[in-house]
Amino acid sequence: DAGVIQSPRHEVTEMGQEVTLRCKPISGHDYLFWYRQTMMRGLELLIYFNNNVPIDDSGMPEDRFSAKMPNASFSTLKIQPSEPRDSAVYFCASSLQQYRNQPQHFGDGTRLSIL
Amino acid sequence: GDSVTQMEGPVTLSEEAFLTINCTYTATGYPSLFWYVQYPGEGLQLLLKATKADDKGSNKGFEATYRKETTSFHLEKGSVQVSDSAVYFCAQGGSEKLVFGKGTKLTVNP
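In order, the protein sequence lines correspond to chains A and B. Each residue of the first sequence is one higher than the last, beginning at 1 in the numbering used here. Each residue of the second sequence is one higher than the last, beginning at 1001 in the numbering used here.
The following block holds chain A by itself, in its conformation from the complex (with noise of 0.2 Å):
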């Protein structure tokens, strides 16, 4: 079975620039996670959608960060404009019925790099 594909795997990029990360879930799986992992924060909770819908969005940075889900099949993860603190591995995840104590399942990420 395909797992959760994420794309680019590699993003370099300068400041200013708009940044689009892509995720598509195991098919089938309800719930959609973005996280993001650095040396110096670890690995950080950054939105999470229920069913296309987003449920907690407290950990998105700032309002350069947005987060959209049109579909089952496919979200996004924009930064606008980007800083070089964004810099950082995103990472995807997908689970099923995540309520039920279910694990979940991550993509390889997105190792972005902002000049």
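It is worth saying that the hints were derived from the structure and are not from the lab. Ideal placement from N, C-alpha and C gives every residue a C-beta, glycine not left out.
Below are the SDA-like pairs computed for lysine to any residue, each with C-alpha atoms no more than 20 Å apart in a straight line: (1) B:1068 to B:1005; (2) B:1068 to B:1028; (3) B:1097 to A:58; (4) A:78 to A:114; (5) B:1102 to A:44; (6) B:1052 to A:101; (7) B:1052 to A:96; (8) A:78 to A:45; (9) B:1068 to B:1022; (10) B:1056 to B:1070; (11) B:1105 to A:89; (12) B:1102 to A:37; (13) A:68 to B:1096; (14) B:1097 to A:96; (15) A:78 to A:59; (16) B:1105 to A:41; (17) B:1105 to A:44; (18) B:1097 to B:1071; (19) B:1097 to A:44; (20) B:1097 to A:46; (21) B:1097 to A:60; (22) B:1105 to A:40; (23) A:24 to B:1045; (24) B:1105 to A:108; (25) B:1097 to A:30; (26) A:24 to A:78; (27) B:1102 to A:38.
Taking beta-carbon pairs under 10 Å as the criterion, some of the chain A residues facing chain B (in silico): (28) 31; (29) 35; (30) 43; (31) 93; (32) 95; (33) 103.
Dock chain B against the given chain A, drawing on the hints supplied.
Okay, now just chain B, sitting in the frame of chain A:
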């Protein structure tokens, strides 16, 4: 709020040594508990899980037992290999999201 505390790394061992990575949680009730592993350049992968007290999760020679009385879920392996070098995360469920520990980096030398 709920939190997970795991031993700080890094941990460096020789091949075939015994491994223990401590993990304690603070949730009330009976959350599911998980260990994830992250190899360099990859996402987190589920290593094992336990869903109720006294359950033992196991996979690839790793084991962890859900101890309600000590609110712990320590990860153990009897004989580590170089290929086990990775970052290990303890996590608890029980709601719509997982709570992760900060991760413990393990390096196994030949």
